[in-house]
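Participant: Sequence:
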Amino acid sequence: MEGTKRSEMKNTFKLREEPELWRIIGSSKEIKDVLAKIQTVLESDIPVVIHGETGTGKELVTKAIHYRGPRSKQALCTINCAAIPENLLESELMGHEKGAFTGAVQQQVGKLERANMGTLFLDEITEMPLTMQAKILRVIEEQVFERVGGQKLIQTNVRIISASNKELLSEVNSKNFREDLYYRLNVFRIHIPPLRDRKEDIPELVNVFVNRFDTLSGKKINKVDPSAMDKLKTYHWPGNIRQLQNSIRRAILITPNDTLLPEHFDFPDMDSNGLRMTESLEDGLSKLEAALRRGDLLPLSEVEEIFIRRTLNATNGNISAASEKLDIGRSTVYRKMQEYGIKIEDYQSGE
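Positions 152 to 502 (the working numbering) are the ones given, in order, by the sequence shown.
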């Protein structure tokens, strides 16, 4: 009887009944803490903020909360706030009436309406424009909204889960995020650790991804060589689970036999400085991409720094190659590096 109870608790805790394609994988203390927090909020309706670097699995946590909770029979609707231009975001969320704007040839139901009695997942919430933040705040407080171009109040009952790779409080302090919305959304926080902080989970993740992708590729991989596994366990994984998954897919594609070897995994060795540099580069590119999608403008200095860092990264710090790719003189590259505090040793210069 006691053994049965322990088995049931283990199954509940590890969420193993979740579908294979999006179950949460790992046995480390860090991932067990995440699973325990998911368990804590399953039966409630409180808003949840999921924080973690790009590629750590924030959407998987959202699905675990939704599909294990009381709203599982209703819709889970997702909006990536960084991927939709500001002028279209309100329509995506609230919907619009026919004729509300040029191109609105028919009525459209928004994600808020579709997610009624279910869950609305706001990914990259910190990229939501301030004007839209005010409208979402009203939805949370009053549980009503109008479609764009409409006057009828529509009732909604949704659980809101938000995600970000930035710290919300820092964005509040920078005046990029509304303080009142922060306190409404940040009721319960789940932090997903980066893969470099839970490396003991890598063998289990690798085995799951190998079994998944060798089936899709038509190959049968029988072994991951121990030296290959050691290589995977010592790498920093700036792209986290997503990068590991794609690395496994590539290795399966190029291996001529049934064993994955170290040479099937191609990524640079990075020290802690290199890791911070890569993360800074990714943040800059994400910021630029989000701004362009919203139709916003960034200061020229920020754009220059992003592209200089990206080019130096691509050329391993080779100033001549970087100046050629950027179509500017070497002296200009040096001057801009000094201006933006860029250190050549961070890019492993071969010069």
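If you are wondering where the hints come from, they were derived from the structure by calculation, not from laboratory data. Treat the hints loosely; a few may be bogus.
Claimed, not checked - Computed list of lysine-lysine pairs in BS3-like fashion (alpha-carbon distance at most 25 Å, straight line):
#, residue 1, residue 2
1, K249, K224
2, K317, K303
3, K384, K371
4, K350, K326
5, K262, K317
6, K384, K374
Predicted, not measured: the structure shown is a model, and the values here were computed from it.
Participant: The structure should be examined with respect to each hint, and the outcome stated for every one.
Facilitator: Do the hints match the structure? See the list:
1. A threshold of 25 Å between alpha carbons decides the hint, and for K249 with K224 the separation of about 30 Å lies outside it, so the pair is violated.
2. Of the supplied pair hints, the one linking K317 and K303 is violated, its CA atoms being roughly 36 Å apart against a limit of 25 Å.
3. A threshold of 25 Å between alpha carbons decides the hint, and for K384 with K371 the separation of about 23 Å falls inside it, so the pair holds.
4. Proximity of K350 to K326 is assessed by CA-CA distance (about 36 Å); at most 25 Å being required, the pair is judged violated.
5. This hinted pair checks out: K262 and K317 have alpha carbons roughly 24 Å apart, not beyond 25 Å.
6. The straight-line distance between the Cα atoms of K384 and K374 is roughly 16 Å, inside the 25 Å bound, and the hint therefore holds.
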